[in-house]
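Peer 1: First to last, the sequence lines map onto chains A and B.
Using the numbering used here, you'd call the opening residue of the first sequence number 17 and step up by one each time.
Using the numbering used here, you'd call the opening residue of the second sequence number 66 and step up by one each time.
Keep in mind that the hints were calculated from the coordinates and are not lab data.
What you are looking at is a predicted structure, and each value in this text was computed from that prediction instead of being measured.
Fair warning: there could be bad hints in the mix.
Said to hold, decoys possible - Covered by chain A, per the in silico footprint, the following chain B stretches (three or more residues, Cβ under 8 Å):
1. 80-90
2. 98-109
3. 114-126
4. 196-209
5. 219-231
6. 238-246
7. 251-263
Cβ atoms here follow ideal geometry from the backbone N, Cα and C, with glycine treated the same way.
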Amino acid sequence: MNMLPIVDHPAAARPFVTNPDRAPWHDKALWFVRSKRDKQASSVPEWEYLRSLASQIKTATIANLGDYLTEFERNATALGAVVHWAADAEEHNRIVLKILRDHDTHRIVKSKSMLTEECGLNPFLEANGIDVVDTDLGERIVQLRHETPSHIVLPAIHLKKEEVGETFHEHLGTDEGAADPKYLTEAARGHLRDKFLAGEVGITGVNFAIAETGGFVVCTNEGNADLGASLPNVHIACMGIEKLVPRFEDLAVFLRLLARSATGQPITTYTSHFHGPRDSHSELHIVLVDNGRSRLRQSDAFRDALHCIRCGACMNTCPVYRRSGGHSYRATIPGPIGSVLSPTRDSSKHKSLPFACSLCGSCTDVCPVKIPLHHQLLAWRKEIGNLKLLSYDKRISMKMASLLFRSARLFSFAGWVGRASLKVLPHWATHHRLNTWTIARELPEPPKESFRHWYAKNRK
Amino acid sequence: MTPQLTSQAADTTGRQAILDRLTLRPVRSAGLPTVDASKLTSFEEPLAKFTEMLQSVGGEVHLVDQPDQVTEILNQIEVFSNAQRVVSLVPEAVKGSFDLSKIHDPHDLAAVDWTIAKGEFGVAENGAIWIDGSTLPHRVLLFIAQYLAIVLSRREMVHHMHEGYARLGTPISRFGVFVAGPSKTADIEQSLVLGAHGCRALQVFLTP
Numbered sequence: 017m018n019m020l021p022i023v024d025h026p027a028a029a030r031p032f033v034t035n036p037d038r039a040p041w042h043d044k045a046l047w048f049v050r051s052k053r054d055k056q057a058s059s060v061p062e063w064e065y066l067r068s069l070a071s072q073i074k075t076a077t078i079a080n081l082g083d084y085l086t087e088f089e090r091n092a093t094a095l096g097a098v099v100h101w102a103a104d105a106e107e108h109n110r111i112v113l114k115i116l117r118d119h120d121t122h123r124i125v126k127s128k129s130m131l132t133e134e135c136g137l138n139p140f141l142e143a144n145g146i147d148v149v150d151t152d153l154g155e156r157i158v159q160l161r162h163e164t165p166s167h168i169v170l171p172a173i174h175l176k177k178e179e180v181g182e183t184f185h186e187h188l189g190t191d192e193g194a195a196d197p198k199y200l201t202e203a204a205r206g207h208l209r210d211k212f213l214a215g216e217v218g219i220t221g222v223n224f225a226i227a228e229t230g231g232f233v234v235c236t237n238e239g240n241a242d243l244g245a246s247l248p249n250v251h252i253a254c255m256g257i258e259k260l261v262p263r264f265e266d267l268a269v270f271l272r273l274l275a276r277s278a279t280g281q282p283i284t285t286y287t288s289h290f291h292g293p294r295d296s297h298s299e300l301h302i303v304l305v306d307n308g309r310s311r312l313r314q315s316d317a318f319r320d321a322l323h324c325i326r327c328g329a330c331m332n333t334c335p336v337y338r339r340s341g342g343h344s345y346r347a348t349i350p351g352p353i354g355s356v357l358s359p360t361r362d363s364s365k366h367k368s369l370p371f372a373c374s375l376c377g378s379c380t381d382v383c384p385v386k387i388p389l390h391h392q393l394l395a396w397r398k399e400i401g402n403l404k405l406l407s408y409d410k411r412i413s414m415k416m417a418s419l420l421f422r423s424a425r426l427f428s429f430a431g432w433v434g435r436a437s438l439k440v441l442p443h444w445a446t447h448h449r450l451n452t453w454t455i456a457r458e459l460p461e462p463p464k465e466s467f468r469h470w471y472a473k474n475r476k
Numbered sequence: 066m067t068p069q070l071t072s073q074a075a076d077t078t079g080r081q082a083i084l085d086r087l088t089l090r091p092v093r094s095a096g097l098p099t100v101d102a103s104k105l106t107s108f109e110e111p112l113a114k115f116t117e118m119l120q121s122v123g124g125e126v127h128l129v130d131q132p133d134q135v136t137e138i139l140n141q142i143e144v145f146s147n148a149q150r151v152v153s154l155v156p157e158a159v160k161g162s163f164d165l166s167k168i169h170d171p172h173d174l175a176a177v178d179w180t181i182a183k184g185e186f187g188v189a190e191n192g193a194i195w196i197d198g199s200t201l202p203h204r205v206l207l208f209i210a211q212y213l214a215i216v217l218s219r220r221e222m223v224h225h226m227h228e229g230y231a232r233l234g235t236p237i238s239r240f241g242v243f244v245a246g247p248s249k250t251a252d253i254e255q256s257l258v259l260g261a262h263g264c265r266a267l268q269v270f271l272t273p
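Excised from the complex, chain A in its bound form (with noise of 0.2 Å):
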């Protein structure tokens, strides 16, 4: 996996934030999802009722999860899949290029998965001289860019159509300069129909897997994984521990509200249930993979976490995912729960994520497996404090706010201080490069008294 250095979210951001055409745009787009999601969430009467029941799934799966993975693994080998299990990306990656080196396969197609992503496969089989097909079409986009996905559920949702255009031009020859999204579409549609022919193995992810019929759900839009898993005769599908469901049942809950938050439709197009191997000349592998996963178990505060079905709706809420785009995050997951599981992988690396966030509590509001995400997210900004992880300037400004909250006298003080001051400083005194906070914005007016003032006069 390529390691990368310590972010800082703003500066990341920053060149996103301040293309004045960009920020608002993408702002709008993901609104618009934003909105389709609330549609379908109030066409649902028992929607609030389908979120606890999914927590309460989850919260049991997450407590026994080790009876049910063992559980899936009789299961699954019982109708003929192998199941492997991982313990991080690498002994992943390796298992993986293990099935591949067995049936000597050079050119596999994948569907989308974040878990793939996360463990940097894609880099790691290409090293050994595999060719990667990422057949979901935002995720191509990117492959052929050589991006990474900037949202888990539109991975190409930062890329405007005529830069999409440029790309399709370069690589699949469309013609110059065409942006119709139609005829983009139809183009990779010819282009990947090519690969999905030549694939010599099929990579998915997993959406559900349960543990009663030891099979596995995956949901696509566009066929590409049915069509990546149906062609080949080896299907090897990647999923993380978290993944499981205890009863084929649970799939209801689930994909009632999977779809709905996602993209704010009823259903997915394709919601394909596999159970073991295609017929008796194919293999269907199953890898396991913990990565982190059980050690973010063993948090009382962040445990939650892993109830995340990779909606993607709390990206789409947030203001602040909305207005820098998914790489300022610099993590495979974005957005809010990205900023949870970032830091519970890499706390130095990831310590300013907890604090892109203006703790509105839109994301815990959308979230159908009711994470609590902005709770989350302010428990990390407590645990990096306690980590001495945040920077000097916010160590010492957060010590010097806690002494004048603490001393009334002090706090009247500064309150003088400051009505005074505003009244009496030069522009120029405050708009400078040093002050940040003055960049955008104006300093307010002074009122005329304090409130202290005021409440003494007028309600004694």
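Chain A is fixed; fit chain B onto it per the hints.
Peer 2: Chain B only, in chain A's frame:
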């Protein structure tokens, strides 16, 4: 560089490490909930709701009185009347023009124009149709054909997904899929385009 490992050895170490970590810390939960059916919305006319939802996701719905009307209606669709290779899994409704008996490799189905498949039941809340994989000689038929038609009895309707899974019970076939509309994408600037990798359009015929 080929990592030297046998899959068996690698699996056991990873497996034990993960299971050990998962037992390190006991976590309590209130147990699994049971769905209270009285809290779920059902529809006065599930067929009407199903039709409305299927149309909203891009499917085209036709009510027919008898199976042979399916071919009549399909013949009025240009891409059907011009089609060279039609695979029909519902011979009482449509006569196919592509012989599956000689096909062993699913890649040989790449040129199929139409697949006519049999739906088991429809879900009113979202317009999805359950297709049982055991009715498909090759599961790729549903996804590789340029166009897809599904023949479904209009008596086979469930209100919502809970009823759907109750009806499926366990275990199910090796493969099964809910299909809701034609394949689609909105990955280019959120513009909805029908016909991504799977079928370009979906015709659903509701028989008595």
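Peer 1: Compare the structure with each hint and give your call.
Peer 2: Structure-based check of all given hints:
no.	hint	in the structure
1	80-90	holds (count 9)
2	98-109	holds (count 6)
3	114-126	holds (count 3)
4	196-209	holds (count 6)
5	219-231	holds (count 6)
6	238-246	holds (count 9)
7	251-263	holds (count 11)
Checked against the numbered hints above, the structure violates none of them.
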